[in-house]
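Colleague: Residue strings, one per chain:
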Amino acid sequence: MLKRTHYLALAGVGLLTLSLLNLPASLQTQVKSAIGASFLPLFGIRAAADNLLDRAGYQVLPRSTLIDNLLRLERENAELRVSALQGADALAENQRLRSAIGAAPRGPWHLKLARVVGRDPTTWWRTIQVNLGSRDNLKPDQVVMSGAGLVGRISQAGLSHSQVALVGDAECGVAVVVKETRDLGIIKPGQTLSGDGGLVEMTLLQNCPGIMAGQVVLTSGLGGVFPAGLPVGTIVDTRNEDGNVFTTARVRLTANLNRLEEVWVLQP
Amino acid sequence: MNRFTLILLFLVTWLSVFAQTQFSGLRLWLTVPMALSPALICYAALTHGFGITVSLAVLSGLWADSLSASPLGMSVMPLFLLGFTLQLQRHLILRDQGFAQFWIGLGAGAGVPLLTLGILSLTGSQPVTGRFTFIQLLILGLLNGIACPVLFRIFDLLHRSFDYRPLTTSSFRADRETVRGRQFRLR
Chain A
9 MLKRTHYLAL AGVGLLTLSL LNLPASLQTQ VKSAIGASFL PLFGIRAAAD
59 NLLDRAGYQV LPRSTLIDNL LRLERENAEL RVSALQGADA LAENQRLRSA
109 IGAAPRGPWH LKLARVVGRD PTTWWRTIQV NLGSRDNLKP DQVVMSGAGL
159 VGRISQAGLS HSQVALVGDA ECGVAVVVKE TRDLGIIKPG QTLSGDGGLV
209 EMTLLQNCPG IMAGQVVLTS GLGGVFPAGL PVGTIVDTRN EDGNVFTTAR
259 VRLTANLNRL EEVWVLQP
Chain B
115 MNRFTLILLF LVTWLSVFAQ TQFSGLRLWL TVPMALSPAL ICYAALTHGF
165 GITVSLAVLS GLWADSLSAS PLGMSVMPLF LLGFTLQLQR HLILRDQGFA
215 QFWIGLGAGA GVPLLTLGIL SLTGSQPVTG RFTFIQLLIL GLLNGIACPV
265 LFRIFDLLHR SFDYRPLTTS SFRADRETVR GRQFRLR
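Note that the protein sequences, when read in sequence, are chains A and B. So that you can map any letter, position 47 of the first sequence is 55 in the working numbering, and since no number is skipped, the others follow by simple counting. So that you can map any letter, position 108 of the second sequence is 222 in the working numbering, and since no number is skipped, the others follow by simple counting.
The set of hints was computed from the structure by calculation and includes no laboratory data. Heads up, some of the hints might be wrong.
[As the list claims (entries may be wrong)] Label pairs and their in silico Cβ distance ranges: (1) Y66/A / D270/B: 32 to 38 Å; (2) N102/A / W128/B: 26 to 32 Å; (3) G22/A / D270/B: 28 to 34 Å; (4) K147/A / G163/B: 24 to 30 Å; (5) S169/B / D58/A: 31 to 37 Å; (6) H273/B / A19/A: 42 to 48 Å; (7) R63/A / D270/B: 46 to 52 Å; (8) A19/A / G238/B: 22 to 28 Å; (9) I121/B / G22/A: 55 to 61 Å; (10) H273/B / L167/A: 36 to 42 Å; (11) L61/A / L142/B: 16 to 22 Å; (12) I121/B / A45/A: 17 to 23 Å; (13) L167/A / D210/B: 28 to 34 Å; (14) A45/A / S285/B: 54 to 60 Å.
[To be verified] Computed footprint of chain A on chain B; a stretch qualifies when at least three of its residues, placed anywhere within it, have a C-beta under 8 Å from a C-beta of chain A: (15) 144-153; (16) 235-247.
These numbers come from a predicted model, not from an experiment. Glycine included, each C-beta is placed from N, C-alpha and C at the ideal position.
Given these sequences and hints, build the entire structure.
Modeller: Shown next as structure tokens:
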């Protein structure tokens, strides 16, 4: 039997839900950040615990391993310096050619390292939280990648933390190109094909018979959010749909989105 | 119920929402986050008052949404409806029995995300779902089904530890003792 209190609670919670759902997007983000701020102490404790564990790990590592790692990193550093010189030369050439044909110059990326501090508490959104926010100049739509490839884009930037929509999430459609054939396509938003989020669906803009498993998928630069040439994944298999008008392919993402610890935010 | 166990209930709920965003390894293995809010609401609805159940459901929903890509307020209604229904029907539920707690937790664990997905689809959002969603709901149900009796045991233990012990008085009174002796023997 429903009492007056029950009716009042039902109406109250219903009204609260409706008013929150109908808040303007910017206000909703602010309210979310304000409520989410209650978790800041826990994020702080987690960061401190991670730091402590890292330091403890360094203490127990034998000196010989540390020296081996140091030598390996020095070698890698030297190789990367040579690659960077070649890259700088290629970039200068690219700028010259772009200016010759009247195209807008493409500036180098500024990378900002961010630590992954949490994942979405639900199973139906593919988002992560990183420990940088608007006070670190992070803005919505900035591109996020790992060393292996594209990760996603900033969907919400709070003051000290930001939310990143991963590739395959409803908030993250990506315009792509197949490296070998230069066929254009899109990674459909919200079309993750596996529970771990590592497999996504790519729809090509036309029937492409040359597409096959093992080919590399890169960002095409179309769409305005992601710059061209970032590695996205590898084609697993293909199928033709709608009377052979479109080709659809399953793509295994290059970046392991389930094991992200640190990511790079690309800033202009 | 005392104030300590009540504070502890809210604290555990807050921590459980945070825990949902952590433990990537366990999450990868289970394929779902450690979402124990439905089990906590079940416990609150079956052992605490209506006001506490409603407050816990609203706060738990808002906390979860603040860390999620869901629109703010999306998780409130399913958790509230769970607490509301259990509160209304709790006189019919064998709430002290472990098997009843398991089945309620299982239903809540699978039902709350399903209801949230339903509301999300009504609002035009595009949650990432597929064939794997059914298995994820099943795992969430099992997780909450197992957690529900455990939460009951833990909170009952804490309640007994931090509350005043009930005064036990014997009904024996020496002046009312019936003494049967030789004089009452039937002949």
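Colleague: Hint by hint, note whether the structure agrees.
Modeller: Comparing the hints with the structure gives:
Checked against the hint of 32 to 38 Å, the pair Y66/A and D270/B fails, with Cβ atoms roughly 44 Å apart. Between N102/A and W128/B, the C-beta spacing of about 52 Å breaks the proposed range 26 to 32 Å. Distance hint check for G22/A and D270/B: the Cβ-Cβ separation is about 33 Å, which falls inside the suggested range of 28 to 34 Å. Distance hint check: the CB atoms of K147/A and G163/B are about 46 Å apart, inconsistent with the given range 24 to 30 Å.
Take S169/B and D58/A: their Cβ atoms lie about 33 Å apart, and the range 31 to 37 Å holds. A hinted range of 42 to 48 Å for the beta carbons of H273/B and A19/A is inconsistent with their spacing of about 32 Å. Against the hinted window of 46 to 52 Å, the Cβ-Cβ separation of R63/A and D270/B comes to about 40 Å, which falls outside the hint. Checked against the hint of 22 to 28 Å, the C-beta distance between A19/A and G238/B comes to roughly 25 Å, which is consistent with it.
Roughly 28 Å separates the CB atoms of I121/B and G22/A, a value that falls outside the hinted 55 to 61 Å. The beta-carbon spacing between H273/B and L167/A, approximately 39 Å, falls within the hinted interval of 36 to 42 Å. Evaluation of the 16 to 22 Å hint for L61/A and L142/B yields a pass: the beta carbon distance comes to about 19 Å. Separated by about 20 Å at the C-beta atoms, I121/B and A45/A satisfy the suggested range of 17 to 23 Å.
Take L167/A and D210/B: their Cβ atoms lie about 47 Å apart, and the range 28 to 34 Å is violated. Remark: the range hint 54 to 60 Å for A45/A to S285/B is upheld by a beta-carbon distance near 57 Å. Residue count for the region 144-153 of chain B with a Cβ under 8 Å from a Cβ of chain A: 4. That meets the three needed, and the coverage hint holds. Check result for the region 235-247 of chain B against chain A: holds, 9 residues qualifying (beta carbon to beta carbon below 8 Å, three or more required).
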